[in-house]
Amino acid sequence: MTMSPTIFMQGVSKRYGDAYVVRDVDLSVAPGECVAIVGHNGAGKSTLVKMALGLLTPTAGRITLLGENPAGRQAMAFRRRIGFLPENVAFSPAMTGREVLRFYARLKQVPLGVADQLLERVGLAAAARRRVGTYSKGMRQRLGLAQALLGEPRVLFLDEPTTGLDIESRQMFYDVMAQLRDAGATLLLSSHALSDIEQADRIAIMKAGRMVACGALPELRRLADLPLRIRVHVVDGNAAREFTARRSVQWLDDLRFELTCADDGKIEAIRSVSLLQGVSDIEVMPPTLVDLCDELTREAAE
Amino acid sequence: MNAIATIAGREIRDGLRNRWALGALLLMAGLALTLAFLGSAPTGVVGASPLEVTVVSLSSLTIFLVPLIALLLSHDAIVGERDRGTLLLLLSYPLSRWQILFGKFLGHLSILTVATVLGYGAAGAALALAAGEFDADSLGSFARMIGSSVLLGAVFVALGYLISATVRERATAAGLAIGIWLVLVLLYDMALLGLLVADQGRTISAAAFNWLLLLDPADIFRLLNLAGLSKTSLFAGMAGLAEQMQFGRAVLLTALAVWVAVPLALAAFVFSRKEP
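Taken in sequence, the protein lines are chains H and L. Residue numbers are given in numbering that gives the first Met the number 0: position 98 of the first sequence equals residue 97, and the series is strictly consecutive. Residue numbers are given in numbering that gives the first Met the number 0: position 104 of the second sequence equals residue 103, and the series is strictly consecutive.
Bound conformation, chain L alone:
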């Protein structure tokens, strides 16, 4: 336990020293504030509170940005240490490889959590100052949005480790990370859309479509935040989807948790097999 905390502590310190944490924080806060104030203009039309509008726009931001930051942090975690020559020494110490991996995971996730909470929190706080009181409902969906953003980040940190444990070259890891980001964040949705258009509803039922959405963590996140609330989903243009949604919030959260656990376990397995 102590070893895990030590590794996590080093990752956090490294993140702070390399200005990684600060960079992520500033990027998220900057974009979140911009979106919050640009997006709060048209609220009167659909009757959504400014905070809920912000939830919608920040959710879209999360889908692109959080996986990117997570992969940038994590893709180098193992292959980079191997390349720099620090891994061999670490492996000769009295700690097991899963402890190294889990410690890094906690460290990287902490950096991501702080950046998300502070970055998005700053946007929320600024809106609160500008617009006054929020109802509990909107606050709840804002908090859930932040929480699920962190969870989405955890998914991509775990995926990054899987890449990092598998490949031999840092450049390969970077390339694969970009590839995974492209596929899960952009291409999968496009492919799914193309499939639906081509299929014309003949073979793919609504249930099958819902299951297909679970195969992409970014889509699970979208369902959680954009289809979750009736007001939000109306505003987000996800209402049609929300009506046919067969999964509850618990199922979606579980699906995301599985998306964290499976790549992380696979990464630990690959790492434990690999010769240093």
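So that you can see chain H by itself, here it is in the shape it has in the complex:
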């Protein structure tokens, strides 16, 4: 088993007429790695996933999946080891959950017993004999995950997997994702949800078809170089006035103010506010993922 990338993209573009949906994307995902693609609606995330699956052919560039052309003739053989959960997954409403999963198991040539075990794993055993038409959004999504898990996939593509899920279902998704990675599977997920992104080793930010940044969270933080905020609680507002007059701070109310500082000035800033009289609490707030994504896409646009 080589350590060549599971998913490899080089200069990949997809163009419809003059409009680029995906433009010049490079991405390499190693076995056992989890990469999250982040971006607004229409940023090209789903198109990128479809191209990696071989469902769309790129206008330019090269893609390999498990070392093969995903749209090529050999694709049939290795598709058995690929899991895909499309955005807004849908199934024949007249079939029961068990029938649906057994149908997909047959197509992937997976023993039908495995399908029943998977229903249990995603918590649908009790609803297995109910029609999919009666399922809630969360249950449909669980069924979608179950079909993606058929055949012990080596690569999983999850397109907005947790949109519209409650906390319990979401946690189940994360547990399964963690198990998959422990088993050495590669995960590529696209998402808006911050809690999804936190599961990933690397984050790829897309904007208008381009991949504007890709890296681990600390790396992206460094890249964006966003200031962090320090929120200070004081017992007596007036005692701090002298300090706050010297620095630009923002008072939230009489007893709380915020100051911003660069990442490397953090220690110095904390030290100076901690010397103030009557400080009751100090909160250090790193830039959120939303701030980060917005900043990086803004930088790319400029």
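Quick caveat, the hints were computed from the structure, so don't treat them as lab data. Predicted model, so just to flag it, every value in this text is computed and none were measured. Note that the Cβ used here is the ideal one computed from N, Cα and C, for glycine as well. Treat the hints with caution; some may be incorrect.
[As the list claims (entries may be wrong)] Interface residues of chain H toward chain L, partial, derived using beta-carbon atoms under 8 angstroms: (1) 52; (2) 55; (3) 57; (4) 75; (5) 81; (6) 88; (7) 89; (8) 107.
With chain H fixed as given, assemble chain L onto it according to the hints.
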């Protein structure tokens, strides 16, 4: 092979669940029984057996009903799955698009076959109970009528897939399906008739006319069943046509088979080209 059977199985199950199969069966059985008993009254006049009279009336029923049922089943096959969002997932599975299409074809054709055989068979059986024995000749033409009805259904299932693979909207598919039904079942014959009347036999020879009939699967079906037997054709008012008929049964069946194969192949081609 396994994948095709799996897809076909799902279509059959879906058809049974949606009461599609049952609806088609009841409709065909109901109309067939009605026609069989209404139509068996005047048989003494031309000396045709009641079963042969039924062949004539059921053939006319087939021409209208079977294409309609076939198109209703098939026009949504691909565009509907795309619309519901089930197609994308299916395409990521280890099976090719022609396997999906062919599997659906087998599934839909099975539903249609069962509905036709049981529906018309019920009418035949009821007649047999009422009228007693049939001669082998009539039984043969009855069986051929059922077989060719299924074949006609296959033509329109294939045409429905061609529509379904081509268009982007379900409503467009439905509209086109109705349009195809109107043209092939009703308008083509009217146009042909108008052409003959206007031409007065000056330029269109009998041979050319026969070829023109092959351009419409409903007409091929008509020729197969109504002009095939001398007794039947007399009763069906197709005797004049039958005398000038230059094509044998094998040619007509081949023509229908071509009408199945070409749209199906075109549908597979369009489907394989289309981005999901």
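Taking the hints in turn, this is what the structure says about them:
The restraint placing residue 52 of chain H at the interface with chain L holds, with a minimum CB-CB distance near 5 angstroms, inside the 8 angstroms limit. Using the Cβ-Cβ criterion of 8 angstroms, the hint placing residue 55 of chain H at the interface with chain L is satisfied: the shortest such distance is roughly 6 angstroms. Because the beta carbon of residue 57 of chain H sits about 12 angstroms from the nearest beta carbon in chain L, more than 8 angstroms, this interface hint is broken. A least Cβ separation of about 5 angstroms between residue 75 of chain H and chain L falls short of the 8 angstroms threshold, and the interface hint therefore holds.
At about 7 angstroms, the closest approach between the beta carbon of residue 81 of chain H and any beta carbon in chain L falls short of 8 angstroms, and the interface hint on this residue holds. Hint status for residue 88 of chain H relative to chain L: holds, with the closest Cβ pair at about 6 angstroms, below 8 angstroms. The restraint placing residue 89 of chain H at the interface with chain L holds, with a minimum CB-CB distance near 4 angstroms, inside the 8 angstroms limit. Because the beta carbon of residue 107 of chain H sits about 6 angstroms from the nearest beta carbon in chain L, less than 8 angstroms, this interface hint is met.
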